[in-house]
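Novice: Heads up: the sequence lines are chains A and B, in that order. Going by numbering that gives the first Met the number 0, the first residue of the first sequence is number 0, and it counts up by one from there. Going by numbering that gives the first Met the number 0, the first residue of the second sequence is number 0, and it counts up by one from there.
Heads up, a few of these hints could be off.
Same chains, same label: a pair holds when it works inside one copy or across any pair of copies.
In silico lysine to any residue, SDA-like type, Cα no more than 20 Å apart, as pairs [stated by the list, open to error]: (1) Lys189 to Pro41; (2) Lys18 to Asp106; (3) Lys86 to His59; (4) Lys189 to Asn170; (5) Lys13 to Gln103; (6) Lys120 to Ala110; (7) Lys15 to Asp104; (8) Lys189 to Arg169; (9) Lys32 to Tyr92; (10) Lys18 to Arg107; (11) Lys86 to Arg129; (12) Lys15 to Ala4; (13) Lys90 to Gln103; (14) Lys172 to Glu30; (15) Lys189 to Glu177; (16) Lys13 to Asp87; (17) Lys158 to Glu113; (18) Lys172 to Thr186; (19) Lys32 to Asp148; (20) Lys86 to Gly60; (21) Lys172 to Asp125; (22) Lys197 to Leu187.
Everything labelled a hint here was simulated from the structure, so no lab data went into it.
Protein chains: 2
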Amino acid sequence: MSTDADISARHTEKMKKIKAARDRLMENKTEEKGLIMVHTGPGKGKSSSGFGMIMRCISHGMPTAVVQFIKGAWATGERDFLETHFKDECKFYVSGEGFTWETQDRDRDIAKAEAGWELAKQLIRDESNRFVLLDEINIALRNDYLNIDEVVEFLLEEKPMMTHVCLTGRNAKPELIEAADLVTEMTLVKHPFRDGIKAQKGVEF
Amino acid sequence: MSTDADISARHTEKMKKIKAARDRLMENKTEEKGLIMVHTGPGKGKSSSGFGMIMRCISHGMPTAVVQFIKGAWATGERDFLETHFKDECKFYVSGEGFTWETQDRDRDIAKAEAGWELAKQLIRDESNRFVLLDEINIALRNDYLNIDEVVEFLLEEKPMMTHVCLTGRNAKPELIEAADLVTEMTLVKHPFRDGIKAQKGVEF
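Extracted from the complex, chain A is given alone in its bound form (with noise of 0.2 Å):
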């Protein structure tokens, strides 16, 4: 029969061999990179843990830039927060109008997505800027508003070294997936629409 004092042993034994192999693999880990991020699929959390990294680099003294790509006809409350508080810190565009079946015409979410693309360029080039999100991106690139091998290209030869860019929205095109250094998939395990409850201040904008 174990003792708590045999579990406590074992859990410090396990726990340093632990330690050992992640020092191990952490002693490789000694580049740092600007980092091309897709955060995609169908789950929630693909804009807000954009946001929360957003918060994290205003911390750490690092100046960020967001463009909004679809969501620009509602108010959010990451928006508002930034706006007001941050202004400085976090430049924030809009170059959406809605959701793309709230619009109903083509020819304007294109002039929009490519508004919004000049303008993520700008903000790209500009070294100061250490952290860009590109917010919804990946529905304007779904229904080629943007030339997916344009976008590609640019983040792979233009975007400055140091320089996060943080791209979201489903079904990123397998382009995107490929140039990416970190892409997490949001998957949905359980949502409670199904049981008739409406999107809701605090999580969903």
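Chain A is already provided as a structure; the job is to place chain B on it using the hints.
Specialist: Quick look at chain B alone, frame taken from chain A:
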């Protein structure tokens, strides 16, 4: 051959149908209630999207609280950020002392986790807190530092109706997933650690 006008007309038609279907779907979604949310899985974004929701809540004037169960030992951007700028809007507590492989002391880990959970219960019982983030609590649950049945029972029976609680960390226990309203699994598609890139400011902490 399709002209541009044809493409635009078909697009408008398709978007109208999507909008109609979506409007019908959303008609039934009228209820608001505080959600039990779980962010789990090996991918990035579990904590950062929790903090993104804190940003949204602050913007909407909803008081928030955070208990960090594991990450206490090292300073994080989000902690500095909230403690510096939003002391009134977000009560921030740390119960953990770093990753479990760093402490190598099971009894101390258990005591810290229990203290964190006591605090969490107080914060959740206080209806003035509209959103409570239990960051990395899944690690404490997975290591059996906390009793999963007690945690689930508390959430289902004592959480005030309108309070959102978000629990993060890998390997969420099945009992918690069963009890939750909204569960997202962050899946790792690609990670730069593989290429020798270390954890970086603004991105990971």
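Novice: If a hint holds in the structure, say so; if it doesn't, say that too.
Specialist: Against the structure, the hints come out as follows:
no., hint, result
1, Lys189 to Pro41, "both (11 Å within a copy, 17 Å between copies)"
2, Lys18 to Asp106, "between (56 Å within a copy, 18 Å between copies)"
3, Lys86 to His59, "both (16 Å within a copy, 18 Å between copies)"
4, Lys189 to Asn170, "both (19 Å within a copy, 16 Å between copies)"
5, Lys13 to Gln103, "between (58 Å within a copy, 8 Å between copies)"
6, Lys120 to Ala110, "within (15 Å within a copy, 50 Å between copies)"
7, Lys15 to Asp104, "between (60 Å within a copy, 10 Å between copies)"
8, Lys189 to Arg169, "both (17 Å within a copy, 16 Å between copies)"
9, Lys32 to Tyr92, "neither (25 Å within a copy, 32 Å between copies)"
10, Lys18 to Arg107, "between (55 Å within a copy, 17 Å between copies)"
11, Lys86 to Arg129, "within (15 Å within a copy, 26 Å between copies)"
12, Lys15 to Ala4, "within (16 Å within a copy, 67 Å between copies)"
13, Lys90 to Gln103, "neither (29 Å within a copy, 43 Å between copies)"
14, Lys172 to Glu30, "neither (28 Å within a copy, 35 Å between copies)"
15, Lys189 to Glu177, "between (28 Å within a copy, 9 Å between copies)"
16, Lys13 to Asp87, "neither (47 Å within a copy, 41 Å between copies)"
17, Lys158 to Glu113, "within (18 Å within a copy, 46 Å between copies)"
18, Lys172 to Thr186, "both (17 Å within a copy, 17 Å between copies)"
19, Lys32 to Asp148, "neither (23 Å within a copy, 43 Å between copies)"
20, Lys86 to Gly60, "both (13 Å within a copy, 19 Å between copies)"
21, Lys172 to Asp125, "neither (26 Å within a copy, 45 Å between copies)"
22, Lys197 to Leu187, "within (16 Å within a copy, 29 Å between copies)"
The structure does not agree with the numbered hints 9, 13, 14, 16, 19 and 21 stated previously, though it agrees with the rest.
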